[in-house]
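We have chain A already, so just place chain B on it with the hints.
Residue numbers (my numbering), protein chains in the order written: chain A, 1 to 112; chain B, 1 to 111.
Among the hints, a few may not be true.
As the list claims (entries may be wrong) - Restraint-style ranges between C-beta atoms, simulated for each label pair:
#1 57/A to 81/B: 39 to 45 angstroms
#2 28/B to 14/A: 45 to 51 angstroms
#3 65/A to 82/B: 53 to 59 angstroms
Claimed, not checked - From the derived model, a few chain A residues whose C-beta atoms are all more than 12 angstroms from chain B:
#4 19
#5 28
#6 39
#7 68
#8 70
#9 79
#10 99
#11 101
Keep in mind the hints are simulated off the structure, nothing from the lab.
Backbone N, C-alpha and C fix where the C-beta goes; we use that ideal spot for every residue, glycine too.
Each chain, letter by letter, is given below.
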Amino acid sequence: DTEVTQTPKHLVMGMTNKKSLKCEQHMGHRAMYWYKQKAKKPPELMFVYSYEKLSINESVPSRFSPECPNSSLLNLHLHALQPEDSALYLCASSSQGDTEAFFGQGTRLTVV
Amino acid sequence: QKEVEQDPGPLSVPEGAIVSLNCTYSNSAFQYFMWYRQYSRKGPELLMYTYSSGNKEDGRFTAQVDKSSKYISLFIRDSQPSDSATYLCAMLDTGGFKTIFGAGTRLFVKA
Numbered sequence: 001d002t003e004v005t006q007t008p009k010h011l012v013m014g015m016t017n018k019k020s021l022k023c024e025q026h027m028g029h030r031a032m033y034w035y036k037q038k039a040k041k042p043p044e045l046m047f048v049y050s051y052e053k054l055s056i057n058e059s060v061p062s063r064f065s066p067e068c069p070n071s072s073l074l075n076l077h078l079h080a081l082q083p084e085d086s087a088l089y090l091c092a093s094s095s096q097g098d099t100e101a102f103f104g105q106g107t108r109l110t111v112v
Numbered sequence: 001q002k003e004v005e006q007d008p009g010p011l012s013v014p015e016g017a018i019v020s021l022n023c024t025y026s027n028s029a030f031q032y033f034m035w036y037r038q039y040s041r042k043g044p045e046l047l048m049y050t051y052s053s054g055n056k057e058d059g060r061f062t063a064q065v066d067k068s069s070k071y072i073s074l075f076i077r078d079s080q081p082s083d084s085a086t087y088l089c090a091m092l093d094t095g096g097f098k099t100i101f102g103a104g105t106r107l108f109v110k111a
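Next up, chain A with everything else stripped away, as it sits in the complex (with noise of 0.2 angstroms):
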């Protein structure tokens, strides 16, 4: 089993509102990524965590909060984000850091 399970598949919030993102992996995997991309742009990587710990961060703006719980789930906690963060969100696991990474469907996220 190569799957990586991300909630919700769609999201619309407000420019005022506070979601978070969700992702769950069962293979355990102990890397696991937050990506961002933008139509007709490759993934590009936000965040990694290493054993439950930030690893790195891509100087993403403080409104994208990352949280490693344990080592099967990772959320990405939203507030005060603006439309210009409407993109489609990746979560991605690898057994380590120089390994193949496995792709999550993805969160389409609309800001209006």
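Below, chain B without anything else, positioned relative to chain A:
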């Protein structure tokens, strides 16, 4: 210069054709090479994963890595309309964690 260069296409081929997709890169530290397929509005799906130079075959797909030329390829034999998608090359260096993606090539296979 981008670390990974990939022609965004679009590339249009008839059903049954052999498709060749390519990427070049500049960072000699890259050791792990992947190809992902992404259908519209879906997450990327891992197709092939190769470590260092050489060839790898999986069904209709063959991945080639030439580290001396800093060039990787994905070949699709007997292409099908269901292969119509965006194909992303991706690379990791030995430090890991940061996957660098190419721009993605949009492929259309016409029935």
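Each hint, compared with the structure:
no. : hint                             : verdict
1   : 57/A to 81/B: 39 to 45 angstroms : holds, 41 angstroms
2   : 28/B to 14/A: 45 to 51 angstroms : holds, 47 angstroms
3   : 65/A to 82/B: 53 to 59 angstroms : violated, 39 angstroms
4   : 19                               : holds, 19 angstroms
5   : 28                               : holds, 17 angstroms
6   : 39                               : violated, 9 angstroms
7   : 68                               : holds, 14 angstroms
8   : 70                               : holds, 20 angstroms
9   : 79                               : holds, 24 angstroms
10  : 99                               : violated, 7 angstroms
11  : 101                              : violated, 6 angstroms
Hints 3, 6, 10, 11, counting from the list given before, are not met by this structure.
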